[in-house]
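Protein sequence lines, in the order shown, are assigned to chains A and B. With the working numbering applied, the first sequence corresponds to residues 70 to 421, in that order. With the working numbering applied, the second sequence corresponds to residues 7 to 449, in that order.
Note that these hints are calculated values from the structure, not bench results. Treat each hint with caution, since some may be false.
Said to hold, decoys possible - Here are the computed distance ranges between Cβ atoms for each label pair: (1) B:Asp48 x A:Gly72: 27 to 35 Å; (2) B:Gly33 x A:Gly72: 51 to 59 Å; (3) B:Asn128 x A:Asp404: 57 to 65 Å; (4) B:Lys89 x A:Gln192: 48 to 56 Å; (5) A:His150 x B:Pro97: 52 to 60 Å; (6) B:Asp185 x A:Thr237: 37 to 45 Å; (7) B:Gly33 x A:His325: 43 to 51 Å.
The structure displayed is predicted, hence computed values, not measured ones. The beta-carbon is built from N, C-alpha and C at its ideal position, and this holds for glycine as well.
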Amino acid sequence: MGGAARDLARGVAAAVAHEPAALSIRNVSSLGPREAAEIGRVFESELKPAGAGAAEVQITISENPTQFLLVAEIHRGDERHVMIESWPRAAASAAGGEGAAAQVTLEKKLLWEQDQPILDAAQAGDALVVLDAEHVLRVRGSERQSAPIPLAHPWPRDLRGRLSVSGTAFTAWLPGTLCRGALEPQFSIECRESQEPWLIGPGALATFATPGNFFQGRIDVEPGGVHEVPPFYAAAPAGDGWILAGTDGRARVYTHSWQTAGEAAEMGSDVASIDTPCGGRVIATRPSGPQEPDAVQPFEITGGAARPSGKALEFSGSITALWSAGSSATAVVRDLQTGRYAAFSLAPACGR
Amino acid sequence: MRPSAWLPLAAVSALAVCGGAIRPRYGGTLRVEMRAAPAALDANTPEASPLAALVFEPLLRLDETGTPQPCLAVSWQHEGTGKRWQFNLRPGVKLHDGTQMTPGDVASALQAALPGLAATANGEAVIIRAERGLSSLLLDLAHTRLVSTGPFRVSAFEPGRRVTLAANQDYWDGRPFLDGIDVQLGRPLRDQLVDLELGKTDFAEIAPADLRRASEHGRAVWSSSPVNLLALQFTPGRAEDPRLREALALAIDRAAMHNVLLQKQGEATAALLPQWLSGYAFAFPAAQDLGRARALAGSLPPAARTLTLTYDPAVRAARSLAERVAVNARDAGLAVQVSSQAAQADVRLVEVRIRSLDAARAMVEVAAALALEAPPFVATTAALYEAEHQLLEGRRVIPLFHLPDLYGAGSRVRVFAPPAVTRLGYWRFDQVWLAVKPSGTAP
Numbered sequence: 070m071g072g073a074a075r076d077l078a079r080g081v082a083a084a085v086a087h088e089p090a091a092l093s094i095r096n097v098s099s100l101g102p103r104e105a106a107e108i109g110r111v112f113e114s115e116l117k118p119a120g121a122g123a124a125e126v127q128i129t130i131s132e133n134p135t136q137f138l139l140v141a142e143i144h145r146g147d148e149r150h151v152m153i154e155s156w157p158r159a160a161a162s163a164a165g166g167e168g169a170a171a172q173v174t175l176e177k178k179l180l181w182e183q184d185q186p187i188l189d190a191a192q193a194g195d196a197l198v199v200l201d202a203e204h205v206l207r208v209r210g211s212e213r214q215s216a217p218i219p220l221a222h223p224w225p226r227d228l229r230g231r232l233s234v235s236g237t238a239f240t241a242w243l244p245g246t247l248c249r250g251a252l253e254p255q256f257s258i259e260c261r262e263s264q265e266p267w268l269i270g271p272g273a274l275a276t277f278a279t280p281g282n283f284f285q286g287r288i289d290v291e292p293g294g295v296h297e298v299p300p301f302y303a304a305a306p307a308g309d310g311w312i313l314a315g316t317d318g319r320a321r322v323y324t325h326s327w328q329t330a331g332e333a334a335e336m337g338s339d340v341a342s343i344d345t346p347c348g349g350r351v352i353a354t355r356p357s358g359p360q361e362p363d364a365v366q367p368f369e370i371t372g373g374a375a376r377p378s379g380k381a382l383e384f385s386g387s388i389t390a391l392w393s394a395g396s397s398a399t400a401v402v403r404d405l406q407t408g409r410y411a412a413f414s415l416a417p418a419c420g421r
Numbered sequence: 007m008r009p010s011a012w013l014p015l016a017a018v019s020a021l022a023v024c025g026g027a028i029r030p031r032y033g034g035t036l037r038v039e040m041r042a043a044p045a046a047l048d049a050n051t052p053e054a055s056p057l058a059a060l061v062f063e064p065l066l067r068l069d070e071t072g073t074p075q076p077c078l079a080v081s082w083q084h085e086g087t088g089k090r091w092q093f094n095l096r097p098g099v100k101l102h103d104g105t106q107m108t109p110g111d112v113a114s115a116l117q118a119a120l121p122g123l124a125a126t127a128n129g130e131a132v133i134i135r136a137e138r139g140l141s142s143l144l145l146d147l148a149h150t151r152l153v154s155t156g157p158f159r160v161s162a163f164e165p166g167r168r169v170t171l172a173a174n175q176d177y178w179d180g181r182p183f184l185d186g187i188d189v190q191l192g193r194p195l196r197d198q199l200v201d202l203e204l205g206k207t208d209f210a211e212i213a214p215a216d217l218r219r220a221s222e223h224g225r226a227v228w229s230s231s232p233v234n235l236l237a238l239q240f241t242p243g244r245a246e247d248p249r250l251r252e253a254l255a256l257a258i259d260r261a262a263m264h265n266v267l268l269q270k271q272g273e274a275t276a277a278l279l280p281q282w283l284s285g286y287a288f289a290f291p292a293a294q295d296l297g298r299a300r301a302l303a304g305s306l307p308p309a310a311r312t313l314t315l316t317y318d319p320a321v322r323a324a325r326s327l328a329e330r331v332a333v334n335a336r337d338a339g340l341a342v343q344v345s346s347q348a349a350q351a352d353v354r355l356v357e358v359r360i361r362s363l364d365a366a367r368a369m370v371e372v373a374a375a376l377a378l379e380a381p382p383f384v385a386t387t388a389a390l391y392e393a394e395h396q397l398l399e400g401r402r403v404i405p406l407f408h409l410p411d412l413y414g415a416g417s418r419v420r421v422f423a424p425p426a427v428t429r430l431g432y433w434r435f436d437q438v439w440l441a442v443k444p445s446g447t448a449p
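Given these sequences and hints, build the entire structure.
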């Protein structure tokens, strides 16, 4: 930027024969006032200020898809001359927000960040296991090992995946694919095409639609057996019942006998259960508006109704996955500005 | 010329963007209406372009900044003398007939679409020999759709009337959310707007004057960048006195037309390339200068102060714009007769579409469409400005406006990864999904 501004300022100074000139600067680009002021200083240092009758120099800071531009329009009497300098564009940054007050506080801890979409992540002792569309990654300190997931068919859009770690073994469910592996002593993985149901909660299995981004309308809960429900994106135990985020955009509360007890209007498509010191809670994404950062809201389910029971935890991007991990949950967030994915562990604290 | 008129529309368009916390739903058929009525659905027929882009795919694509990105080719490298390039093809891609796409398929399609190239299959790659620079070659390849591997396949086609597309279950980038798309062709704009309001269509083209009406009742308005240049083009051999052309150019009050007739959509301009693409369009003065226009007109012999102006009725707001030009011209002392039928008109109101995200290439294409001398293919923005300045110097073409494509989307239409309409106006229906409409809501 500085080089382009200096080059153009010197060119303009030469074009007005180093005579005084009336300078004005405007910014029609996405550059901020600080950068614009910096550019202004460069021109002010090269051009001598002038009053009426002198050449008029209008500097415009502009942009196109690939470059920022400095356009100098030099007017002297009826003469008009245009000079242009440019430099490649670079990237910028962003912000977040706040929620309402209540009893359960969620704290987030960054587990892992990468460019490729993260589907799920889980702690395994001192190691972290990360699932994405192409790999299962094991991270321990500075040591990283990854095992590839063979692609038997194109993944569906809005790809989802679930990771479960038990001791040194892990299971990864992806649409139409099941992978089992070991973290110790040798990091290994074996995948196969499979329509086996996914473990979606403690003792609860559901079959994933392939291709698709949702679970078919059957849930197998232990004890209790198989129940027919509308197709859903996510399910979580809530008290002695369940809550399901349906593909029709409605989150329904079910009793222990799988009767519909009510609907929760304030939930997005992802729900998960979380054990807190003040009892079990459901956490859910909120149905975000346009270009809004997402948030995770804790709810208490009583009498077939979902009531916010804590402050919403805000993120600076879209939540692309939310899975229960017992006394914590895992949320994956895609940053709105950078496009990078980050997996967070959400831990609850009770009361205040 | 800060594109302030552009901002309100951008805000309206944002309403179409779905929050990340609501997952997209698979299923449903998107109902679409369009004015064009293509008789064939070929890969590179301009009239069928928005539909063809859903069916056929190129070797690579340009992203929103004009940078080549992988599509059917995952990587490319140049070998030896710089006139031989290897494009490594994406493995496992299936054609719509269910067979595997082969390097031979791609080489044949390339050879047919770009006869100046020599394309041959080589293992899992395609080798291209061409007497041109790499950047020019990549642009050609990005603009040339080759084989039917896209997110939707054609399941029925009644030329000029209807197209039915079905989701490609095996699409290499993931099956689209929609089960299908039903497209009615040849629908007048007025009928499209009525159907959108009645909930008979999910997606309709709209005229600038109907923008507010279309965005009522939760319907979203989507738009491309301003990609349609409206300009006055003088007929070769007519209006040969440059004072006459300059007088007309300076007489036109673009700002008034932009505010009233075009409802502030797009941008008033005196440049060939839009501001968003070149970054310097404002440096071509577009303001009316009636004093100088009158002086120029007054210097002409009275018999030379007349012009006939014609227009293509298919151009948006063409008649009212042409009549307004005539009124402005009269204020400057020129007599302009407007007719949609004049075969021998001195000047015509035309619309030219920007089809490239590369400014230099777009300039070459626009110049060709307006019968201007071919500009050099330049590398720097400053040189591009100089080339455009030279093209416009003789005022054989008077640019007036850059207008976007405008679309209305029904209340059940959602977008997974915006935009649903690209800068150049292509439809990304592979990113669209349909929400379940709550009972008792407006269409």
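Check your understanding: Quick one: are B:Gly33 and A:Gly72 within 51 to 59 Å, going by C-beta?
Key -> At roughly 54 Å between Cβ atoms, A:Gly72 and B:Gly33 fall inside 51 to 59 Å, so the hint holds.
Review point. Can the suggested window of 48 to 56 Å be confirmed for the beta-carbon pair B:Lys89 and A:Gln192?
Key: holds (55 Å)
Review point. Is the gap between the beta carbons of B:Asn128 and A:Asp404 within 57 to 65 Å?
Key: Once the Cβ atoms are compared, 40 Å apart, the range 57 to 65 Å for A:Asp404 and B:Asn128 is violated.
**Study point:** Assessment of proposed distance window 37 to 45 Å (beta carbons of B:Asp185, A:Thr237)
**Key:** Given about 43 Å between the Cβ atoms, the range holds.
**Study point:** Verdict for B:Gly33, A:His325 (Cβ pair) under range 43 to 51 Å
**Key:** Violated, since B:Gly33 and A:His325 (Cβ atoms, about 31 Å apart) do not stay within the stated range.
Review point. Lying within 52 to 60 Å: is that true of the beta-carbon distance A:His150 to B:Pro97?
Key: Holds, at about 55 Å.
Practice item. Hint says 27 to 35 Å; check whether the CB-CB distance for B:Asp48 and A:Gly72 agrees. Key: violated (47 Å)
Hint violations for this structure: numbers 1, 3, 7, all remaining hints satisfied.
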